[in-house]
Amino acid sequence: MRLSIEHITTFEYTTPISEAYTELRLRPLDANGQVCLSFSLRTEPHDEIYGYNDRFGNDVRHFDTIQQHQRLVAASRSEVLTPEQFVSESNLISPLDEFDFLMATNYVPLTSEIQAFAADRCNGRDAYAAVFALMQGVHEVIRYEKGATDVSTTAAEVLSLGRGVCQDFTHLMLAGCRSQGFPARYVSGYLYAHGFSSATHAWVDVYLPGRGWISLDPTHNTEQKSGYVRLAIGRDYADVPPTRGVYVGNAKEKMSVWVSVKAA
Amino acid sequence: MLSRVAEAMYWMARYIERAEDLTRLLAVNFNALLETQPEEARRGWEPLVEMTGDEDLFYSLYPEANARSISEFLLWHPLNPNAVAACVTRARENARSVREQISSEMWGQINRLYFLLRDVNREAVLTSPSDFFGQVRDGSQAFQGITSATLTHNEPYQFVQLGLYLERADKTARILDAKYLYITRLETDSAETTLQLIALLRSCSAFEPFRRTARGEFNSLRVAEYLLLDAYFPRAVLFCLNRGMHALDMVGGAGEDYQLEVERPRRTLGKLRSELEYMSILEILGDKMYPFLNSLMVRLNGIGGEIARAYFSTRVILPDSRPQQQQQQQ
Amino acid sequence: MGSVLNRGYEIGQFYDEMFDTQKSVRPHYQLLHQHLGEMSVEDISERRKVADASFLYQGITFTVYGQDEGIERIFPFDLIPRIIPQREWKKLEAGLFQRVTALNLFLDDIYHDQRILREKKIPAELVFSASHFRREMMYVDPPKRIYAHIVGTDIVRAGDGEYYVLEDNLRSPSGVSYMLENREVMKRTFSDLLARYGVLPVEQYPQDLLSMLRLVAPHGYTDATVVLLTPGIYNSAYFEHTFLARQMGIEIVEGHDLVAHNDKIYMRTTKGLKLVDVIYRRIDDDFLDPLAFRKDSTLGVAGLLNAYRAGNVALANAIGTGVADDKAVYAFVPDMIRYYLNEEPLLNNVPTFVGMRDKDCGYILDHMDQLVVKAVNESGGYGMLIGQQASRKELEDFRARVKANPRNYIAQPTLALSRHPTFIDDEMFGCHIDLRPYTLYGDKVTLVPGGLTRVALRKGSLVVNSSQGGGSKDTWVLRE
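Residue numbers (the working numbering), protein chains in the order written: chain A, 8 to 271; chain B, 125 to 454; chain C, 96 to 575.
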């Protein structure tokens with residue numbers, strides 16, 4: 008599917024600040040069957056933009072704004088060709104990836120409750136069936152609801168709350184997979200939803216020995232299919248935020264985001 | 125040199141000078157008003173409060189202006205950010221942050237001054253403050269002398285000089301501004317006028333030097349002229365501007381890109397100095413004095429701001445400012 | 096008034112640097128012994144006062160900050176130098192060169208292909224779980240692929256008379272300023288003896304360090320701007336930072352003096368932004384960049400990691416060297432030497448039990464009262480238990496800690512550290528010592544002859560760190 012995406016992030020400050028440093032993970036990946044046809048980024052005030060690939064292969068753009076400003080806008084535009092389904096590229100996983108995608112983090116603690124929940128769902132099944140069952144399990148016990156959680160909610164909190172948004176579904180799924188020994192990574196991206204106003208989305212890639220990676224969306228209880236745009240992967244949300252930054256000054260910052268994903 | 129270090133040196137000098145000038149002012153007025161009637165005395169003290177610019181704060185803390193209330197307020201009231209004690213504390217903090225760039229003797233002297241203010245018996249001082257005023261003033265002058273003798277006279281030293289002389293120019297202008305009205309409203313040739321003129325001169329340590337000048341006319345006009353336009357008296361505004369200008373010249377130019385920024389304070393200060401150099405006191409007689417003094421203080425403030433922008437803040441050269449879409453192609 | 100040597104001096108069960116088991120003076124100490132014999136207790140006392148005054152006057156102190164004013168303490172200094180003959184030093188030098196080379200190759204490997212881990216010579220989990228393993232450094236190429244430019248290795252001599260490496264310090268090792276100043280003081284108090292002995296100089300260290308720092312400038316700049324980045328006046332090692340900056344003639348800066356702009360690092364000066372090429376940083380990774388690491392750090396420079404990654408600024412030491420400071424990783428350094436250099440280690444590790452290995456963990460728990468147990472990332476003598484001196488409660492407490500988090504602990508047998516005659520209150524006692532030589536790794540490996548000999552100044556104490564009652568001695572490496 009060919010999609011055209013616009014993503015505008017605006018930072019506003021209560022009083023002018025003189026220094027800000029921003030990092031963006033907004034360029035769609037060229038991986039797993041997806042092809043990024045074009046990508047452009049502009050900022051206001053005008054800054055020179057630099058980039059690198061982080062250790063997960065994510066495209067990171069960054070820039071500094073060291074002039075007085077009270078408003079900073081970063082606008083990206085991209086065109087991407089998404090596959091009908093996720094394509095696993097390799098059966099191998101590096102030692103570091105294996106370690107990282109099995110480890111507990113602040114967002115993904117491997118508590119005994121999570122262990123119990125996951126063991127129960129995976130119960131006796133072979134790996135492939137087990138992770139699907141786990142996805143189903145997460146989808147069943149968590150109700151999609153905005154406002155019940157925030158950007159720092161952990162998987163353990165999600166499980167006990169029973170509510171959350173896609174970031175929360177994803178963290179809980181990660182915890183479940185890891186607790187059962189399946190390396191799993193966080194995927195940040197967009198979901199093209201016909202006619203709906205779009206936002207960023209999150210789902211999970213799970214590694215199955217001998218098989219490679221598969222991609223599952225616990226929020227919608229489905230494998231990744233047409234319309235999913237992959238932006239970045241990592242251990243949890245902290246590794247993949249679309250925008251991240253620090254600034255110098257006493258002002259308070261307000262961030263607003265506008266996303267549009269259209270069929271091209 | 126690092127902007128941070130330059131800024132710390134500059135402010136260290138300004139705060140010490142501020143503390144000294146304030147102390148001198150207190151000392152002189154104390155003596156001058158000791159022998160006047162209470163009513164007169166109050167009218168003598170009030171201008172001092174005005175001079176600091178902290179009138180509202182003062183009157184919110186004290187019912188009236190008298191020797192004791194003003195001394196306490198100006199020496200060390202915790203809510204007065206410009207009190208002598210506060211100035212010395214800030215000077216010391218600045219000195220500490222550049223401990224490695226100043227001499228051990230300078231650090232030692234600032235500490236002595238700091239501990240003097242911190243540990244003195246405040247009650248005792250408020251009842252009988254003259255000695256104390258003298259100690260603070262001596263301590264501050266010792267600091268300046270030690271600085272001149274032990275700090276290499278390169279860039280850091282020039283920022284010390286810049287801070288010191290700008291502060292001093294400002295304080296002289298303020299003192300003149302505060303006392304002049306009071307004096308000109310007294311009857312000319314009265315004993316009171318003479319006493320007040322002497323007090324005014326003493327507030328700037330100018331009494332003896334003034335008396336030694338060729339003129340010898342002892343009236344408010346000549347006194348104002350001396351304090352503003354004399355090129356040789358160390359506390360005269362013109363003298364301070366000359367020294368400040370010299371310090372800026374010694375700091376020198378900047379790299380090509382920054383020439384414009386650095387030119388600004390130099391030009392403003394240069395213009396101001398020229399004006400005073402070629403001015404005659406007769407041009408600011410009578411009711412022209414106030415607007416002039418006001419404008420002088422505003423301009424001095426402006427120069428301080430321009431110095432900060434030129435030397436202490438990060439200046440980034442922006443690319444061509446024509447609006448252009450910044451594209452980062454994949 | 097007797098000579099200092101007239102008092103009874105006990106060697107006890109330990110290897111004594113000056114006296115052999117027959118209580119005869121070792122050949123390389125004979126001159127010193129003779130010289131001491133000619134001095135009275137008053138002489139020594141006098142020279143000590145002069146030395147102390149010299150340190151204080153020069154400002155060679157470390158600062159403990161209290162309410163108003165820092166309390167400046169002199170790092171206690173003992174006048175009796177530690178002497179190392181050239182043949183012993185040669186062996187140490189060869190061993191250290193080998194070790195520091197292997198460590199640099201290890202760091203380069205784990206931040207790129209990780210061959211040593213894939214070939215299972217070192218457990219991958221050990222490295223990945225190290226708290227100072229920095230994933231941000233994966234695939235980053237530091238200038239000349241050098242990571243550990245400055246390494247301070249802690250070395251001890253055990254009862255068998257052999258040298259062992261106790262630990263490696265790759266994150267801003269400190270103490271070199273004391274080494275330099277100790278020598279200056281000794282030049283004043285024992286000039287004659289120094290000359291007669293033929294001691295190798297150490298004063299070239301700052302120049303060697305500066306040359307090495309210049310060498311790693313990005314883009315091969317030959318006229319590089321080098322700065323020293325310090326946390327500031329409240330850091331206890333601040334004196335050393337200013338001392339070294341002055342000796343090298345480079346600017347000392349704090350985080351807010353620097354700014355990242357267009358992927359380069361600049362200093363904020365009165366003449367505008369000035370490009371910085373090399374940063375000798377004395378700030379831990381965590382605090383170096385609020386954009387990349389701890390967001391709450393006010394000591395660092397936002398954007399520094401990005402400029403570093405882009406190859407526009409060099410950092411000494413590189414980010415991520417702390418993984419080799421981990422005491423559990425230390426246990427595998429001999430394996431690194433074998434793997435990368437195909438050689439047997441010339442300098443040995445102290446036998447180490449690694450909590451992460453089940454068998455070792457069991458041993459540690461069962462024999463804790465005979466071992467020295469250490470948390471893998473602590474320093475300064477903290478997070479450590481000396482089994483033989485511990486109470487039952489302390490032992491129980493530590494057992495619980497090790498059980499809860501075995502990865503975080505290692506244990507070593509209690510070593511009988513060598514002792515050296517040292518003055519405590521004008522009397523000579525044998526005090527435990529160690530040695531910290533400083534290795535510079537640039538286009539060649541340089542080792543300053545000597546290093547800091549630290550001495551435990553409390554009788555019977557094994558702890559040599561400054562914060563816990565330690566002191567130092569000058570170290571004399573002889574030409575012959």
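Don't take each hint at face value.
[Stated by the list, open to error] Covered, in the sense of this in silico footprint (three residues per stretch, anywhere, with C-beta under 8 Å from a C-beta of chain C), are these stretches of chain A: (1) 22-35; (2) 61-73; (3) 102-108.
[Stated by the list, open to error] Each computed EDC-like pair below joins lysine to aspartate or glutamate, with the alpha-carbon atoms no more than 20 Å apart: (4) C/Lys366 / B/Glu387; (5) C/Lys498 / C/Glu220; (6) C/Lys359 / C/Glu346; (7) A/Lys261 / C/Asp391; (8) C/Lys216 / A/Asp104; (9) C/Lys390 / A/Asp61; (10) C/Lys359 / A/Glu260; (11) C/Lys366 / B/Glu430; (12) C/Lys216 / C/Asp455; (13) C/Lys215 / A/Glu55; (14) C/Lys216 / C/Asp236; (15) C/Lys239 / C/Asp461; (16) C/Lys216 / C/Glu231; (17) C/Lys215 / A/Glu19; (18) C/Lys359 / A/Asp61; (19) A/Lys261 / A/Asp133; (20) C/Lys216 / A/Asp61; (21) C/Lys390 / A/Glu105; (22) A/Lys259 / C/Asp391; (23) C/Lys185 / C/Asp391; (24) C/Lys366 / B/Glu279; (25) C/Lys186 / C/Glu575; (26) C/Lys144 / C/Asp520; (27) C/Lys369 / A/Glu105; (28) C/Lys369 / B/Glu217; (29) A/Lys259 / A/Glu19; (30) C/Lys215 / A/Glu105; (31) C/Lys216 / C/Asp204; (32) C/Lys185 / C/Glu105; (33) C/Lys498 / C/Asp538; (34) C/Lys366 / B/Asp373.
By construction, these hints were calculated from the structure, which means they are not laboratory data. A virtual CB, placed ideally from N, CA and C, is assigned to each residue, including glycine.
Hint-by-hint comparison with the structure:
no.	hint	verdict
1	22-35	holds (count 3)
2	61-73	holds (count 5)
3	102-108	holds (count 4)
4	C/Lys366 / B/Glu387	holds, 12 Å
5	C/Lys498 / C/Glu220	holds, 18 Å
6	C/Lys359 / C/Glu346	holds, 18 Å
7	A/Lys261 / C/Asp391	holds, 19 Å
8	C/Lys216 / A/Asp104	holds, 19 Å
9	C/Lys390 / A/Asp61	holds, 19 Å
10	C/Lys359 / A/Glu260	violated, 26 Å
11	C/Lys366 / B/Glu430	holds, 14 Å
12	C/Lys216 / C/Asp455	holds, 17 Å
13	C/Lys215 / A/Glu55	violated, 44 Å
14	C/Lys216 / C/Asp236	violated, 23 Å
15	C/Lys239 / C/Asp461	violated, 46 Å
16	C/Lys216 / C/Glu231	violated, 23 Å
17	C/Lys215 / A/Glu19	violated, 51 Å
18	C/Lys359 / A/Asp61	holds, 18 Å
19	A/Lys261 / A/Asp133	violated, 47 Å
20	C/Lys216 / A/Asp61	violated, 27 Å
21	C/Lys390 / A/Glu105	violated, 27 Å
22	A/Lys259 / C/Asp391	holds, 16 Å
23	C/Lys185 / C/Asp391	violated, 46 Å
24	C/Lys366 / B/Glu279	holds, 11 Å
25	C/Lys186 / C/Glu575	holds, 13 Å
26	C/Lys144 / C/Asp520	holds, 12 Å
27	C/Lys369 / A/Glu105	violated, 43 Å
28	C/Lys369 / B/Glu217	violated, 26 Å
29	A/Lys259 / A/Glu19	holds, 8 Å
30	C/Lys215 / A/Glu105	holds, 15 Å
31	C/Lys216 / C/Asp204	holds, 12 Å
32	C/Lys185 / C/Glu105	violated, 30 Å
33	C/Lys498 / C/Asp538	violated, 44 Å
34	C/Lys366 / B/Asp373	holds, 13 Å
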